[in-house]
Amino acid sequence: MDSINVHSLLFLLFAAVACAFAVAVVVTSNVVRMAFYLVVSLGATAGLYFLAGADFVGAMQLMIYVGGTLVLLVFGVMLTAQGPFISMRTRAGEWIIAAVVGSSLLGLLLSTAFRVDAWKPPAEAREQTASVTSSRLGGGLLGYRVDRMEQAAAEQADPTLAKNSQGMSGYLMPFEVISVHLLVVLIAAAYLARPKKRVGPREA
Amino acid sequence: MNLLTEPIGISHYLAVGAVMFVAGAVCMATKRNALGILMGIELVLNGANVNFVAFSSEYLRSGPRASLGLDGQLIALFVIVLAAAEAAVALAIALNFYNNHATIDVDRADDLKG
Amino acid sequence: MDLASTLPTLLGAAWLLPLASFVIVWLFGPRLGHAGKHAGYVATGAILGSFVLALIALLSWTGKHGVFVEAHHDESHAGAPTAPPRSESSPSKSPVQFRLVAAAAEGEHADYAHYDHEGKAYYTGDWYTLAKFGKLQLTIGYYIDSLTVVMFCMVTLIASCIHFYAQGYMHDELHDVEDHEVTLSDGHHLHRRGRYHRFFQYLSLFCFSMLGVVLSGNMAMTFVFWELVGVCSYFLIGFYIERKSASTAANKAFIVNRVGDFGMLIGMMALWSSLGTFNFGDMAVEDAASGETRSQAGIFSQVRPGPSHELVVPEGMKQAAAATGSEDTERCGYWLLVIAGVGIFCGCVGKSAQFPLHTWLPDAMEGPTPVSALVHSATMVAAGVYLAGRFYPVFAPEALLVIAVIGCITLFIAATIAITAVDIKRVLAYSTVSQLGYMMFALGVGGWVAGMMHLVTHAFFKSLLFMCSGSVIHAVHTNDMTKMGGLRKKMPWTAYTMLVGCLAIAGAGIPFLVGFSGYYSKDAIIAQAIAYKEVNPLWGVTLFVAAGGAATTAFYMFRLWYMTFSGQPRDAHKYDHAHESPKVMYYPLVVLSVFAIAVAWPITIVGDAAEGSPLVHLLNQAVPDGVGSMEGAVRGTLAASVAIPSEHASHVDAIHSAATMLAFSTALGGFLLATLFYGWKYLDPAEVRNQFPQVYRFLWNKWWFDELYDALFVKPAHLLAAVAAWLDKNVLDRIIDGSAKVTLVASRYDDWFDRLFVDGLVNWFGRWTYGVGLAFRRLQTGSVRQYAMFVVLGTVVLFFLLSLFLGTAVGR
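So the protein lines, in turn, are chains A, B and C. Its first residue numbered 1, the first sequence is counted upward by one per residue in our numbering. Its first residue numbered 1001, the second sequence is counted upward by one per residue in our numbering. Its first residue numbered 2001, the third sequence is counted upward by one per residue in our numbering.
Hints are not guaranteed to be accurate.
Example chain A residues on the side facing chain C (calculated, C-beta under 10 Å, incomplete) [unchecked claim]:
(1) N5
(2) S87
(3) L109
Residues from chain C shown here face chain B by an in silico Cβ test under 7 Å; the list is partial [to be verified]:
(4) G2187
(5) G2782
(6) R2785
(7) M2789
Everything labelled a hint here was simulated from the structure, so no lab data went into it. Virtual Cβ for every residue (Gly too), placed ideally from N, Cα, C.
When you get a sec, could you build the whole thing from the sequences and use the hints?
Structure follows, in structure tokens:
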């Protein structure tokens, strides 16, 4: 009997929370509760990110998702949560269909996940070398890839390898595009959500 | 096979991602509330994100190097940003719909149905 | 005065004036005055203008060429005050209007070229070239000799008189007309609008066409106007188109004429294809290569080349004969010449109502009387004779024999039919046919001048007679002589002018001294016939037929006069209503009777010593080259027994006095017989009728010609048509119906097939597509949630399929 692997323990904990609350989101019919369960589920997912060594992504998950997006959703829920809309029943037939299709998809995904050898757990846990700064990711966005240093050196030594350069490929352009995209989305959201000038029955 | 003593692999993460993904999908299929559908979308996106992060992790693999490296994390970041943007626009649409139809039931949103 | 340019101008203007009138009346007819009354003035003015121009042309002709031509006495003209300057006689004075003077003029005759008996003066040229196809040249040209001028004067004078007369006669047409001879299906008489202007419109067109025939300088133009004349005749006969008899008569006239024209076309083709020209006379032609003007030989000078002007077979005909591979080109070419002559004569037979084709003319009397007077007695029917005279140089002796025989038969048949006719206009119509036969006979026996002279004199007295009969009809409103009688007292002007006409046509006169115009012309014909008999004992029997015809003519003409004007009125009612015609109608009668008396009088003008009448001498100037100038007779090549005597032979005293006696005695005999029957009532015509019923019926039925033609042509044609109709109905229609039925059945099956398979396939495909679309439409639920479900399901299926086909490869 080996000693309990803390990393695995934490993973199981977070995974159970995330999965349980995700299912809870599905099961509950009250939209306010759904929002709360979602927050818990996403927060647990952030824990999973930390466990996977993606500190910055986990932080962003907490900040943007849990802190931003879900607050936005809760706002929406609160704005529309009036009497009949809080809890809307769905017909049983749809539930059955959704359950059948969903379970088949789940079975498919799970069987795939556990069938690939490369995805199997390593023989022993690796030493967690913390690199808590986000500078790796920032460099990666700009094209400075810490994780691809050997490849870049090989390309420099042999230019023929640079044809499909895997070494120093960054995400500067997508980053710029997505920032403009965000701006557009914010303007659009503000436009769509602005109060309409009603040409309603009052004037008619 | 003891989950508590063995190290965690990509497969486990993928299982979690799968559960979240399916939960999101079923959520989209069964909720009549527009916001519920939005939440289902968030779940689906998160399930995908979990997979990305798992593939980019250096600790979960038996091999020498992560298959995606930093790329997985970067894409996960992009997904998060897109999800935020999507949530903003979707919420605006939902509110608009609510304003115009005085309901949030997506089944009533069938104006374009032939 | 240069006749070469003035004559064509004058006559051309005279020719075109009626055309102008026609166009004006045609365009503005009903608007000219009240109900088109002024149309009559327009037409009359036009034809009167033509007459004046023609008269000027005649005067200038006589001024230039004199009147008297005595072929054998050149010196007799030395003192003529109107003798022309000799210098102008030189040919090729102008390139277009080329004046040809007898080529035979040589030696001491050179200065007297116009008067040389071997040549004659004429002017020919083209005004306008319509078309040119290789050798073929279609032109509007003129050919003017003294015959042309005389014909112009005659036609325009008579036409003028008739235009005046018609203004009175057609007066009824000025207002609405109720035609009592047409009964409509509802029992009423036809009521129609007056057609006064249209009548004058046709008259003008007719005058234009007739003058065109006279003036024409080539065969093609002649043919065109020939047909135009026929068309006018058709219009005018059918003027009362609503009457069935009138429309039938118009059709008959037109169709019968076509038969003759067919022969004429053959003659024209024979001439043109062998001679290569349509022109009558020699034309000046601009030679394209050298630029010189040279003379292109016309038909006449090709057939009778100078200087002898004997009839020869032209080179062209020999070549045509050689082209057929004939051994004896001379003989074969001569045959072609005879065929050409007989062909041309066929046209004349149709137009002049000669023996086989004479039946249309009496029926043509359905037209208004002025039309009968102008078209069907004086001018149009005379056009046939005129054409025969114009083509005289082309006729070989054999062709002339045909002409003589045809003319002789015609004159006899028509004269006998006229004896029994009671319709006043039909008597005159048969008389016309008979007299036309006389003219043809005269031409056939070699009497060119005699025939042409009879043409002119006959035109005057026959138009006079017709107009008198029209006046009578106008007064009593019937054509039937058995309902007339005693009208002399009621309408003296008409009666006595008609008596003049009768005397003229009978050839009355004091022998060897003076007589009516018919006396001279008929004398000349009989004289020529005697001369013909002397050289042709076999064919000379025609003389007796001619003499008998002359007697018959006198008989039926006086029968007509007596029945109409003398004795007691047979129909008191009609007699009471009879009245003298208005002045506008009988003044022309007086004018014409003066001409009927005096047109052939041998008046001596300006002291010239020549014998004979100016008319004869004028016509003598136009005698075709080589005709009547030869001593002795011309013999035929194919039939040597046929000989044509020279016209001078008949001028011998012995022959001439014999002819005068013969003509006078026959005419007197006819006159006396008529007087016995109808004047003194000494003999009863009914008695004779009962004595010879077969003969009477034979004559009454016009020798059964109409019945014969009915049986020979009309019935077979009807039978053929009936057979064709039966075939059409029972065979062709059946076949067509059958094929239609087969087609119908086939198309039914086709339709069924189409509906079931072709349409079915398409419809099935359409329905299927529609159904599938409907089914898929149900997928488009519009429900977001279901879409999400579909996405998931799709993913699952995709994975399933992938794993199924890629199998374990993914797993590894």
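Exercise. Would the stated hint for R2785/C survive a check requiring a Cβ distance to chain B of less than 7 Å?
Worked result: 5 Å, holds
Problem set entry | S87/A as an interface hint toward chain C, with CB separation required under 10 Å | 16 Å, violated
Problem set entry | Residue hint G2187/C, partner chain B, criterion CB-CB below 7 Å | 77 Å, violated
For this session: Tell me if M2789/C is really an interface residue toward chain B, meaning its C-beta lies closer than 7 Å to one of theirs.
Result: 4 Å, holds
Problem set entry | Hint check, L109/A versus chain C [nearest Cβ-Cβ separation less than 10 Å] | 9 Å, holds
Problem set entry | Hinted contact N5/A with chain C - closest CB pair below 10 Å | This hint is violated: N5/A lies away from chain C, its Cβ roughly 27 Å from the closest one there, beyond 10 Å.
For this session: Hold the hint about G2782/C up to the distance rule: shortest CB distance to chain B must be less than 7 Å.
Result: G2782/C check passes; min Cβ-Cβ to chain B is 3 Å, inside 7 Å.
Hint violations for this structure: numbers 1, 2, 4, all remaining hints satisfied.
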